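Colleague: Protein chains in written order, with my numbering: chain A, 1 to 117; chain B, 1001 to 1191.
Hints may contain errors.
[Stated by the list, open to error] Once the Cα atoms are required to be at most 20 Å apart in a straight line, the calculated SDA-like pairs of lysine to any residue come out as:
| # | chain 1 | residue 1 | chain 2 | residue 2 |
| --- | --- | --- | --- | --- |
| 1 | B | Lys1066 | B | His1082 |
| 2 | B | Lys1134 | B | Lys1066 |
| 3 | B | Lys1147 | A | Leu30 |
| 4 | B | Lys1147 | A | Lys35 |
| 5 | B | Lys1122 | A | Leu30 |
| 6 | B | Lys1130 | A | Lys35 |
| 7 | B | Lys1180 | B | Asp1137 |
| 8 | B | Lys1180 | A | Ser71 |
| 9 | B | Lys1130 | A | Thr21 |
| 10 | B | Lys1019 | A | Ala16 |
| 11 | B | Lys1086 | B | Leu1135 |
| 12 | B | Lys1130 | B | His1082 |
| 13 | A | Lys35 | B | Lys1180 |
| 14 | B | Lys1130 | A | Ile7 |
| 15 | B | Lys1130 | B | Lys1066 |
| 16 | B | Lys1130 | B | Arg1173 |
| 17 | B | Lys1122 | A | Val58 |
| 18 | A | Lys35 | B | Asp1137 |
[Said to hold, decoys possible] Covered stretches of chain B (chain A as the covering partner; in silico rule of three or more C-beta atoms under 8 Å from a C-beta of chain A):
| # | stretch |
| --- | --- |
| 19 | 1024 to 1036 |
| 20 | 1045 to 1054 |
| 21 | 1158 to 1166 |
| 22 | 1173 to 1180 |
FYI, nobody ran anything at the bench for these hints, they're computed from the structure. Bear in mind that the values here come from a model prediction, so they are computed numbers and not experimental data. Think of the CB as a built atom: it goes at the ideal place given N, C-alpha and C, for glycine as much as any other residue.
Residue-level listing of the chains:
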Amino acid sequence: MKLPEHIEKQVAETMASLDGTSRAAANPFLYTRIKAAMEAEESGFWSKTASFMTRPIVAVATVLVILLMNSLIFINNQDSHSNSNMASQDEDQLLSREYSVASINEETLYTLNEEQP
Amino acid sequence: MSDQELIKQLKEGNESAFKTIVEKWQDMVFNTCMGLVQDANDAEDVAQEVFIQVYESVEQFKGESKFSTWLYRIAVTKSLDHLRKKKRKKRFAFLQSLFGVNEEEVIQDPEFHHPGVKLENKEQAAVLFKAISKLPDNQKAAFTLHKLEGLSYQEVAEALSTTVSSVESLMHRARGNLRKILTDYYQKNNG
């Protein structure tokens, strides 16, 4: 379909409207702004970290994780404690056996010493 | 001082070399960003990002292409990223307004007037920019670099990391799409 002449003309003129366009000039203080942005980016790391850590959800999650870890450590310790109790009982028996032997020996020695005079 | 000398000094962390680079290429970068994002404030923000990227990744510049080509590449990528983010934000705001979460009205972009356009072409150029904003990203980039920055097809191909024949094809399709958009526009507006 043939377009009306005036529309074709408008389209052609619009298509050519950027011909001879000159460059847009940047802000003369662009370098200063760039430096400021770079410095803000550097110093912003710790403040961003701090603000992230102090978010309620992060703080609550951190406390929960610490509590969970504490309970796990506590439960593990109790298990190992009961195991170690049994082990220490065995050790006690061994020790007492050793000492009882020693005491018998001592006793024998004493009795021997007592009997001598 | 030559470009190579400036880049060498920038790689060594010389601040004054960076300042010289910014001052030498700021208009070129700003004009490219301006043509693509079609907003002076946004273009300045994107130009800032471009130079920060240059400062941070100058080590990656091996000198295989011209420094200006590398700058164009960064400027185009950053500008298109900016447009994508803006579109996403606008879509989200629109959805929020539909559900009544965001009571603020979704504001349409105002007409863009490039400061370098000849006075007699202002109105038509604004219509053309509106049409350019509707083009797909690669066509938009090729058309802007060629028309606003006056790059040859060879230079556009280098900046977009593609071949000259691809740029020819992009430009052909861009012109076709623009003609179609403009024809529709004038048919509607001329009754």
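Colleague: Between the stretch 1045 to 1054 of chain B and chain A, see if three or more residues pass the 8 Å beta-carbon test, and mark the coverage as holds or violated.
Modeller: holds (count 4)
Colleague: Take a quick look at whether lysine 35 of chain A and lysine 1180 of chain B sit within 20 Å of each other, Cα to Cα.
Modeller: 44 Å, violated
Colleague: Does lysine 1130 of chain B pair with arginine 1173 of chain B here, judged by a C-alpha cut-off of 20 Å?
Modeller: The given pair, whose Cα atoms are some 17 Å apart, holds under the 20 Å limit.
Colleague: If you draw a straight line from the CA of lysine 1130 of chain B to the CA of lysine 35 of chain A, is it 20 Å or shorter?
Modeller: Not OK: lysine 1130 of chain B and lysine 35 of chain A at ~33 Å, beyond 20 Å, violated.
Colleague: Lysine 1122 of chain B and valine 58 of chain A: Cα distance at most 20 Å?
Modeller: 53 Å, violated
Colleague: When you check the alpha-carbon spacing of lysine 1086 of chain B and leucine 1135 of chain B, does it fall within 20 Å?
Modeller: 16 Å, holds
Colleague: For the stretch 1158 to 1166 of chain B, count the residues whose Cβ lies under 8 Å from any Cβ of chain A; is that count three or more?
Modeller: Violated: only 0 residues of the stretch 1158 to 1166 of chain B have a Cβ under 8 Å from chain A.
Colleague: Between lysine 1130 of chain B and lysine 1066 of chain B, does the CA-CA distance stay at or below 20 Å?
Modeller: The given pair, whose Cα atoms are some 31 Å apart, is violated under the 20 Å limit.
Colleague: Has the given pair, lysine 1147 of chain B with lysine 35 of chain A, been kept, meaning a C-alpha gap of at most 20 Å?
Modeller: 31 Å, violated
Colleague: Are the Cα positions of lysine 1019 of chain B and alanine 16 of chain A separated by 20 Å at most?
Modeller: Judged against 20 Å, a Cα distance of about 36 Å means the pair is violated.
Colleague: Hey, lysine 1122 of chain B versus leucine 30 of chain A, does the alpha-carbon distance stay inside 20 Å?
Modeller: Violated, because 26 Å separates the two Cα atoms, which is more than 20 Å.
Colleague: Is the straight-line distance between the alpha-carbon of lysine 35 of chain A and that of aspartate 1137 of chain B 20 Å or less?
Modeller: 30 Å, violated
Violation of the numbered hints given earlier is confined to hints 1, 2, 3, 4, 5, 6, 8, 10, 13, 15, 17, 18, 21; the remaining hints are satisfied by the structure.
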